[in-house]
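Engineer: Sequence:
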Amino acid sequence: MTQDTITPAASSADALQVLCIGSVLWDIIGRCPTDMRRGSDMPGRITRLPGGVAMNIAMTLARFGLKPDLLSAVGTDPEGEELIAACADLGCGTQHLYRSADLPTDRYMAVEGGNGLIAAIADAHSLEAAGDKILRPLRDGTLGAPRAPYQGAIALDGNLTQALLAEIATDPAFAQAKLHVAPASPGKAQRLHPFLAATRGTLYVNLEEAGLLCQAKFTNSAEAAQALIANGAARVLVTDGDNSASDATTSDANAGADTVITKRPPQVTVARVTGAGDTFMAAHIAAEARGEDRHTALDIALQAAATYVSGDTPL
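Positions 354 to 668 (the numbering used here) are the ones given, in order, by the sequence shown.
Bear in mind the hints are in silico, worked out from the structure with no lab data behind them. Check before you lean on any hint, since a few could be wrong.
Lysine-lysine pairs mimicking BS3-like chemistry, simulated, CA-CA at most 27 Å apart [unchecked claim]:
id: 1; residue 1: Lys-486; residue 2: Lys-531
id: 2; residue 1: Lys-570; residue 2: Lys-616
id: 3; residue 1: Lys-531; residue 2: Lys-420
Could you build all of it, start to finish, from the sequences and the hints given here?
Structural biologist: Pasting the structure below:
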């Protein structure tokens with residue numbers, strides 16, 4: 354099974370729209386093929402490409418034939434203008450982005466070795482400063498409003514402030530949307546607590562993030578997924594690197610016989626890690642948008658993430 358398992362839409366006019374809310378920035382990634390440790394000074398490659406959780410998800414959705422539309426903050430500085438052009442070239446809608454001359458374009462910097470991510474810093478201060486201004490299209494009637502809420506799919510990332518995420522979890526403007534939520538990083542995992550409290554959305558987390566949300570240690574993805582459901586999650590997908598991934602949901606008529614599904618990812622040689630979780634989430638959203646069942650959607654997402662980390666898909 355490959356990423357091509359998902360059939361692209363016939364045309365952009367027919368494509369399903371997915372709003373991608375969160376960080377849209379420049380990724381600056383240094384990669385070294387050999388293992389690294391603290392203090393290592395090694396030869397490698399440094400790249401700059403459009404990134405951020407919302408942007409990574411949007412790029413993957415576009416590759417699968419969907420129509421991603423970005424809601425974020427991008428500066429009017431030269432870096433911002435260049436980023437807007439790059440987003441458009443990648444098939445990602447930019448017409449609803451919040452632009453401010455007072456806020457510089459955000460950036461993310463990471464160093465990766467052959468042994469995975471060594472360190473990273475996310476400078477998403479402009480996104481946080483923009484606050485709920487990025488949500489105006491969902492409240493002023495452009496895309497939706499509290500009395501006529503947006504009814505499509507939304508991919509939401511945890512780079513927003515916890516206060517804003519809490520607001521979204523109970524906001525009438527989001528009441529009919531199909532929410533897909535990721536924490537962006539373990540350091541921001543606890544920002545997702547409002548979605549547990551409100552039993553809203555599908556949460557995409559890794560094993561470490563699940564542990565932080567539940568204040569517990571887990572040995573596998575199935576255990577973590579079940580604990581998140583017990584703590585209020587409506588649905589959750591938990592990944593554990595190349596060990597396993599689990600999809601758990603509350604027991605209802607739509608869950609079928611399996612409230613928890615666990616599968617093992619394809620084994621591949623790792624060429625990169627930044628963006629793998631975002632690719633998994635986007636592939637899963639796209640698969641279910643095409644009507645795939647839970648088992649097939651999880652298979653597709655795992656294959657897409659494996660193909661990505663192996664370096665076989667475009668950056």
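Engineer: Hint numbers the structure violates, sorted upward?
Structural biologist: none
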